[in-house]
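Q: Protein chains in written order, with our numbering: chain H, 4 to 340; chain L, 4 to 340; chain Y, 4 to 340; chain X, 4 to 340.
There may be inaccurate statements among the hints.
Treat identical chains as interchangeable: a pair holds within one or across any two.
[As the list claims (entries may be wrong)] Calculated lysine-lysine pairs in the DSSO-like style (CA-CA distance at most 27 Å, straight line):
#1 K110 - K205
#2 K35 - K81
#3 K35 - K218
#4 K202 - K70
#5 K321 - K64
What the hints contain is simulated information worked out from the structure, not anything from laboratory work.
Keep in mind it's a predicted model, so treat the numbers as computed, not measured.
Protein chains: 4
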Amino acid sequence: MIIVLRPDATEEQVNHIIEKIKSLGLAVHVSKGKERTIIGAIGDESVLEGQPLEILPGVEKVMPILKPYKLVSREFQKEDTIIDVGGVKIGGKEIQIIAGPCSIETKGLLFDAANSVKKAGARLLRGGAFKPRTSPYAFQGLGEEGLKYLWDARKETGMPVVTELMDPRDMDIVYQHTDVIQIGARNMQNFRLLTEVGKMDKPVLLKRGLSATIKEFLMSAEYVAAQGNHKIILCERGIRTFETAVRNTLDLSAVPVLKEETHLPVIVDPSHAVGRWDFVAPLSKAAIAVGADGLMIEVHADPENALCDGAQSLRPDKFVVLMKELKKIAEAVGRTM
Amino acid sequence: MIIVLRPDATEEQVNHIIEKIKSLGLAVHVSKGKERTIIGAIGDESVLEGQPLEILPGVEKVMPILKPYKLVSREFQKEDTIIDVGGVKIGGKEIQIIAGPCSIETKGLLFDAANSVKKAGARLLRGGAFKPRTSPYAFQGLGEEGLKYLWDARKETGMPVVTELMDPRDMDIVYQHTDVIQIGARNMQNFRLLTEVGKMDKPVLLKRGLSATIKEFLMSAEYVAAQGNHKIILCERGIRTFETAVRNTLDLSAVPVLKEETHLPVIVDPSHAVGRWDFVAPLSKAAIAVGADGLMIEVHADPENALCDGAQSLRPDKFVVLMKELKKIAEAVGRTM
Amino acid sequence: MIIVLRPDATEEQVNHIIEKIKSLGLAVHVSKGKERTIIGAIGDESVLEGQPLEILPGVEKVMPILKPYKLVSREFQKEDTIIDVGGVKIGGKEIQIIAGPCSIETKGLLFDAANSVKKAGARLLRGGAFKPRTSPYAFQGLGEEGLKYLWDARKETGMPVVTELMDPRDMDIVYQHTDVIQIGARNMQNFRLLTEVGKMDKPVLLKRGLSATIKEFLMSAEYVAAQGNHKIILCERGIRTFETAVRNTLDLSAVPVLKEETHLPVIVDPSHAVGRWDFVAPLSKAAIAVGADGLMIEVHADPENALCDGAQSLRPDKFVVLMKELKKIAEAVGRTM
Amino acid sequence: MIIVLRPDATEEQVNHIIEKIKSLGLAVHVSKGKERTIIGAIGDESVLEGQPLEILPGVEKVMPILKPYKLVSREFQKEDTIIDVGGVKIGGKEIQIIAGPCSIETKGLLFDAANSVKKAGARLLRGGAFKPRTSPYAFQGLGEEGLKYLWDARKETGMPVVTELMDPRDMDIVYQHTDVIQIGARNMQNFRLLTEVGKMDKPVLLKRGLSATIKEFLMSAEYVAAQGNHKIILCERGIRTFETAVRNTLDLSAVPVLKEETHLPVIVDPSHAVGRWDFVAPLSKAAIAVGADGLMIEVHADPENALCDGAQSLRPDKFVVLMKELKKIAEAVGRTM
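Just chain H, same shape as in the assembly (with noise of 0.2 Å):
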């Protein structure tokens, strides 16, 4: 940490902020340059989380040095983290993608999709039960029911599956009907979902929040991880801007700010972040170009009539095509599809 301080910091005051430094059990060293004196306080710097040095009379400004995640940094573990899914390997060479519809409908929906994304290629099947939705008067999912069929179809394909949990209350229904626990953008942040989540044996897909920095994306993880689970795939899906010509803006560069950050799976979701079927595939493509280690996309047999954001699911058959189309990108970029 890097204590600035004011240029008519007083004697007093230098002494009074080195004394709570070195109260906390840090070394204290001064530096004085020409127009401001400086204070690195040397050690652990987590026993300064939710100090509010900058408060302290004479200092201008705080500096952390180090950063703010541990168990899932990069500095942590420098080879990259590769999760099996029921034999499906997410984070190696081999692209994933997972695919299927928003939210489980009927059984028979669900058993058209899952057959033709597993025809096309897809590893692993996602379909939501409980559903996330801006409004309280709109399908909110099958809940349970939607569950079993979900279960079903992994028998039925062989497949593993992805649902979302949003209530810690779901935990245990959830926990036996899918292979990986997938929480929302809008959970992001829900810390004790993910304290609940970090306590499970299931790989955990992440999705980062509309609103949320890199910074705290790792936080949300950091939090899983700290409870003993280390299998996190993280998934951008757009971010909230200024721009309104398409749902979300799908920010690619933090395919490669994370690949530095950290030694976990990031995958794509193009669907949620565009939020418009036919921008889908050139949005896909470009996450197997940047570097994401898997896609995840909304497959729906017939989109027209989806109870749930039927306007960016892709048909069964434009799936096919996109599918064929990804393997030459990821070809291209030295890897299997």
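Add chains L, Y and X to chain H, keeping to what the hints say.
A: Quick look at chains L, Y and X alone, frame taken from chain H:
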């Protein structure tokens, strides 16, 4: 709902769109202009909620006419809602100040803060027992013990209290120890939590999410109201923008916008928005000048040693001075305090 | 400047960094912590301006200690700058209101607006002759003819005038017809224009760009000051955020931040920020309450038929009412008007 | 234009609105729904440009039907515009790479960069002589001397060149020394400059402003086209968001949106967006994968000692590697390079 057609829409496409709308029980009104044909869907627009009309062939764009929120809208109820919290009326001519520490740390510190804010003129006491913290390694609040101290402070001072609920599993214990249930900014779209507090008979203080539009903010209030609880206090607390000079950007234009759109009371939390105690005073004055019904201000007897948000907490003596200044502004805008 | 090294930085890399800094004439101070070594570059930090130290091998990050602006900083000049515009003092205890139409349309309309705002208590007259319009097909202003009307209105009313300069080629003609040269938000980083007005001896009213940080805003003021013209009035006029309920988000926290960082006067333009006349009043009151030195408000005798920004213009009768309300707020914060 | 009326609009108000629209030469179409009456204004919507219909009594909101840009729209011209720059075709099947130093520093450095990027396969040379710098104390470019070096490099290599115009007073000298006139992000709404380049017969490379919506971006292109110059190359270069991990957030979804809205070619500048050389490669690949017609990449023979943007400049050897990787992506999306 207005559906604008592409210039090249075929008759067949137009007929398909018309049939789709009629099948949903709405009347259709077609208007052909020189450059575009538009279709009006007349009737209860809410049946179109989630219908992906924009992907029907021939459609250029879809524009809703009605607002998605009902119960909380000014159209539903013209007169202002005034919420009575243990005799303190929020939303009327009198401006109410909610004050207290960010988190409850010890019984002594809480009682000190409670007594001093009461003496200075605050009418409600705030204090957090469950704290949403960005870092898993930071102080997470005293939990149930904190709630008990808060309830004791209520008995001691006679002030009604406000505290945050983060997890539906804590509903009972929080309900028993508070007059107002706070939903924090990070949980503004925790729809399960909103549904739960919507079933309660105690007022809810709902904070705006960091990247929530005003429309989304009102939709979250609608979630609560849809369950039957209409006692909702809205709280603007700063939004996330590109500016980093302060923690968040306090959006004071949200106050007149909300006053126009909804009948619910609107308060402002300047402490969390700016994150610096020395800017709390000017922004508090501005919030009252712009038309807020109240303020939520963090006060701590010893900010330098606070376990949470010390940098933005006012010392009791500063709070006394601020209260005097706020009274003058309240009078200048024709209100009491 | 603080340079934080990567944990794996080699001795050779460290020596290269040290030599680089020394070669720029700065002293070097090395501090080895448990987890990171940091290098302090001591001396005139401005020689490092634009030096890409962050790409030197072994560097993790570079953190500047000093602020990049000098002449406009509070550190350079402690006392507030008060700018005299034809006897009207901006930046002192008295709050000044600049009012008038968005664009000059006819001599008659301008004179009507000028006389009415003067009568209501405004001290400066605004009016645009060169208008930056998003559409090439919209009214672009009367140009020189408009400037002449403005100068006539100045003679008629005795009020000093403010008008915008968009193009360095118009400098002479604008200079001859105005007391204050306005640089619009879209030109805040038109560095050639800033350099030109920096050579003039008339005050400059510099508007904050839609996505300019406060630091960038002050750097643009520094451009003007660096040429010798220190008579700069800063104007907050709303920033671009994700919120679309109003045109821009008025950032009132910018006022206390600017007051801390700079000695220059700070005014607020609520009209352009909200884009709606009925929200101008509450935001004007808030701007004075938060500490602004003045306001810039659009007033038009016939907003319904205005050629530019009619939606945000106050009718003269509404402006009279607002001025009375603003006086009360000014008094409540210990200022005159 | 659709005008939605308030539920309480009186007959008198409705008549006033209808008369207003008719007086502007448009036909009126009234449609009464259960909850709202809406008025359609049928005819040339552009006469309503700037008309503040939203303040007419009884109006709730005004919704435009048509797009505000014409000449640059895909509706105006269905087939892609292909721009020929000295034999290099931009906007066709072949992807073009524009490369070179951020600023021209010495003739030697420029020639080194020019020769190496040509050898690696770039077809156009970039180099700045007039540099927009945030700080008045930073290197501002060599000006005319730099332009001459650029023209010499053009003769030496045979590559057409691109350079930025910042000031209408430099038009002649820039025009004489470049093949493509660049308008920088900070000047995207410098409407006088846009008007000037609109009168020229050389292609314009227009960069998106940091906080410009795609609609505004296209309106700026319309400014150029409205003067007669239809040779416009659009360039996405990152937008300003809350994320600070990289300099700006590259908005790759803008590419398919632009491709749908306009017939103009679209290129991407990853260097300015990320501000870090090591992220230029992944984002370049993503830009081609998403459908861009070309890239603009900064290459410097000695980034460590560059006077401008050294941190984001690729060394020639890295550029050679990147070009090979980009060719593979181009082929994977069915294009040549």
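Q: All the hints need checking, so say for each whether the structure fits it.
A: Verification of the supplied hints:
For a Cα distance limit of 27 Å, the shortest separation of K110 from K205 inside one copy, 25 Å, qualifies, whereas the shortest one across copies, 40 Å, does not. In this homomeric assembly, K35 and K81 come within 27 Å of each other (Cα to Cα) only across copies, at 23 Å, whereas the closest approach inside a single copy is 37 Å. For the identical chains of this complex, K35 and K218 are inter-copy neighbours only, at 25 Å across copies versus 31 Å inside a copy, given an alpha-carbon limit of 27 Å. In this homomeric assembly, K202 and K70 come within 27 Å of each other (Cα to Cα) only inside a single copy, at 24 Å, whereas the closest approach across copies is 42 Å.
When the C-alpha separation of K321 and K64 is checked against a cutoff of 27 Å, the pair qualifies only between copies, where the shortest distance is 22 Å, while the shortest distance within a copy is 54 Å.
The structure fails none of the hints (numbered hints given earlier).
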